[in-house]
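Letter by letter, the chains look like this.
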Amino acid sequence: MGDTLFWSRLQFAFTITYHYLFPQLTMGLAWIIVYFKWRQLRTGQARFANATRFWARIFGINFAVGVVTGIPMEFQFGTNWAEFSKFSGNVIGQTLAMEGMFAFFLESAMIGAMIWGEKRLAPRTHFLAIFGVALGSWLSGYFILTTNAFMQHPVGYSLAQDGSLRLASLTAFLLNPWGLIVFLHNQCAALVTGSFVVTAVGALYILRKVHSDQASLFLKTGTLVGLFSCLMVAFPTGDRQAKLVAQYQPVTLAGMEGRFQSGPEANLDFIGEPDVMEKRIDNPIYFPGALSFLAFGHLNASVKGLDDFPEDEWPTNIDLLYYSFHIMAGLGTLFILLMGIANFQRWRGLLEQSRWLLWALMLAFPFPYIATTAGWMTAELGRQPWLVFHLFRTAQGFSDVVNGGDVLFTLIGFTGLYFVLGVLFLFLIGREIAHGPQEIAATGNSEVSYD
Amino acid sequence: MIEIWYVILSFTLVMFVVLEGFNIGAGMLRHVVGTTQAERRMVIEAIGPLWPWHEVWLVGFGGTLLLAFPNILAASFAGFYLALFLLLWSLLLRGVSLEVGGHLADPLWRAAWHFIFVASNLLLALLIGAALGNVLRGVPLNAGGEFALTLFTNFSPYGNVGILDWFTASVAVFMVVVLAAHGATGLVLKTEGPVHDRSLIIAKNLWNLTLALLVIITIESWWVRPELFSGMLHQPFGWLGVILVFSGIICALTGLLGAREHRAAIGSSLFIAGLLIAGAAGVFPVMLRSTLAPEDSLSAYQNAAEGHGLAVALVWWPISAVFSVVYFSFFSRQFAGKVRPANPQP
Chain A
0 MGDTLFWSRL
10 QFAFTITYHY
20 LFPQLTMGLA
30 WIIVYFKWRQ
40 LRTGQARFAN
50 ATRFWARIFG
60 INFAVGVVTG
70 IPMEFQFGTN
80 WAEFSKFSGN
90 VIGQTLAMEG
100 MFAFFLESAM
110 IGAMIWGEKR
120 LAPRTHFLAI
130 FGVALGSWLS
140 GYFILTTNAF
150 MQHPVGYSLA
160 QDGSLRLASL
170 TAFLLNPWGL
180 IVFLHNQCAA
190 LVTGSFVVTA
200 VGALYILRKV
210 HSDQASLFLK
220 TGTLVGLFSC
230 LMVAFPTGDR
240 QAKLVAQYQP
250 VTLAGMEGRF
260 QSGPEANLDF
270 IGEPDVMEKR
280 IDNPIYFPGA
290 LSFLAFGHLN
300 ASVKGLDDFP
310 EDEWPTNIDL
320 LYYSFHIMAG
330 LGTLFILLMG
340 IANFQRWRGL
350 LEQSRWLLWA
360 LMLAFPFPYI
370 ATTAGWMTAE
380 LGRQPWLVFH
390 LFRTAQGFSD
400 VVNGGDVLFT
410 LIGFTGLYFV
420 LGVLFLFLIG
430 REIAHGPQEI
440 AATGNSEVSY
450 D
Chain B
0 MIEIWYVILS
10 FTLVMFVVLE
20 GFNIGAGMLR
30 HVVGTTQAER
40 RMVIEAIGPL
50 WPWHEVWLVG
60 FGGTLLLAFP
70 NILAASFAGF
80 YLALFLLLWS
90 LLLRGVSLEV
100 GGHLADPLWR
110 AAWHFIFVAS
120 NLLLALLIGA
130 ALGNVLRGVP
140 LNAGGEFALT
150 LFTNFSPYGN
160 VGILDWFTAS
170 VAVFMVVVLA
180 AHGATGLVLK
190 TEGPVHDRSL
200 IIAKNLWNLT
210 LALLVIITIE
220 SWWVRPELFS
230 GMLHQPFGWL
240 GVILVFSGII
250 CALTGLLGAR
260 EHRAAIGSSL
270 FIAGLLIAGA
280 AGVFPVMLRS
290 TLAPEDSLSA
300 YQNAAEGHGL
310 AVALVWWPIS
320 AVFSVVYFSF
330 FSRQFAGKVR
340 PANPQP
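Read top to bottom, the protein sequences are chains A and B. Positions 0 to 450 (numbering that gives the first Met the number 0) are the ones given, in order, by the first sequence. Positions 0 to 345 (numbering that gives the first Met the number 0) are the ones given, in order, by the second sequence.
Simulated from the structure, these hints should not be mistaken for lab results. Nothing false has been slipped in among the hints.
Cβ pair distances, simulated, as ranges: (1) B:103 with A:119: 19 to 25 Å; (2) B:257 with A:437: 43 to 49 Å; (3) B:154 with A:137: 46 to 52 Å.
Quick reminder that beta carbons are idealized off the backbone N, C-alpha and C, glycines included.
Given these sequences and hints, build the entire structure.
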């Protein structure tokens, strides 16, 4: 029970993974709601108002869970990672404070107006509130990804006399090339999650033969945004991300692909089984030279293997790193295929008659969550054993005054609380979806109710 | 520069306690000021849809502490480990019960969330009070600038202390009374009908109790930490705090007696702000006092992350705060005015 470092890592991993299930939907959905509201302003059609209202309610429940699970994240920097906070607080404190001061204040001032303001506010003001929430959620994402980018590829810092970090250049820190690419990659992934959820609800309504006008709107918007964002996740953002890893974290790239030996013409596995003990991949099915192409742009470029690096700098869990990378990349490819077919059928005017495709679209919505989680596991496992890459090890960063049993206790507490929260969330979302988009008259008496 | 950051940090804490304090106080009293479902709904509407904005000041406080005084954040958050998670979980349950409590019309559903809401608000007030009590009293910091607190030791505020002793427990109780008085005063301003009338009676009683407890807490603080008051008198902010405390409580009491509801609510806010400002000025520059050896106390001067980082943050921080207040005042106007009992609820 005495292993504070292990339990602290597990607690952070669990709470951040759980937390990020909610913002990834809100960040994607926000712009789809902005689009619906904008169309309502332009056309004056009630169908766009109904769609806005329906998705704003789903957004609101997601947002609330995102907020309550997000606040513990900031505090864990101090409670569980005190040595890391001492070491890098002056640098990462900038973006964490900015997130609160610029993004959360913006979102929290406008979220009430977005969800309950349709009748109280002028239509343009209501649009402004929705736009403000969308902007705030993306700003928040930017500040957090910049914080993470510093841990992956530290820039703009200097070392103080006491050995801790000081900010040397705010612009270098905020415009970290790693942060810009990862922001685009991650936000496109959030749009994938948002569009898959909108599409799935549309497909559900068509299959159940209810709310057919709204369902067509959801399917059309969802599949269009879906195809665009799936393509963007892969190219250019995913591609650029891979090149950054190859350039700045070659050891991570070797771990992601289970590449134990260096050499030219590096293969990219479609699937395989890493055997870290024997330092090889068992039973791989691979694309010859594809990793060289992905990382450096031509098929016979030399890609470093793990044998080029001291073993104490290898990612600490190569198996999980390998699988999460392949799950992310594999699912990302399937998403393009699925959205490609859906758009082709829609272009032919057959989407709403293709029952098999509607079933597939309805059941596909959990997979962007899985792909996004796997992507983040790739990034975070790939960074190990470092907390700040090549500057500070994870094993140096935890709070050594805290007892391992205390961390286990809070981890169990989070597990229980988050289980209840998850059940509650599914119940409330299920209720909203079963209820469906309503005409304004049906909800006319709930003007000031914060239900 | 360090003094400016100390002021900014104290400002975020004052904003949090004053704004969230109303929500917490009103939440605690929800059971007694509202007896029917519709009346209890009024309390939630009086808290209003902008409560997340109030809570963000806590996030602002955490971020600012990390940015400006990373060592203090590291020592205190790790040292108060379990207490802090209790605070976070109470915030979580409070937020959830506030958001989902009205989703179903079922009476059992509402009663269950009502109970969680009231209990978590009460716990929040106790925890905030205990935390402030701990900062006033000090913690068992060692020479390495670290400490780990148990919930209690022998209930003495000297030497090897725990989170709760007779001093911090009485500060916690004081905080419950103050926030309840603050919440009741806010409800007087924001509601009409039976909720308003009950809140008025409760507020008057609680302010009298606050006044009596203030005298006791002052004597206790002088006993536990005598240098607090000499520190207060040497700082202009200490004087400001003391003046705010007295003018605040006078405004609150005369406002309630004379049916000047705005004056009462402003006075209540000033009173809480004054307490925190006087306390922050009194302890300065010691941010965490050691109850074991005074020389192991953590001072703002030795623990600020001085340099370019704090200089640039001094540019963006005020800009962000102004932006924030602008959106807030714009949208809070849309939800201003009294909550009326006649409002039909589904």
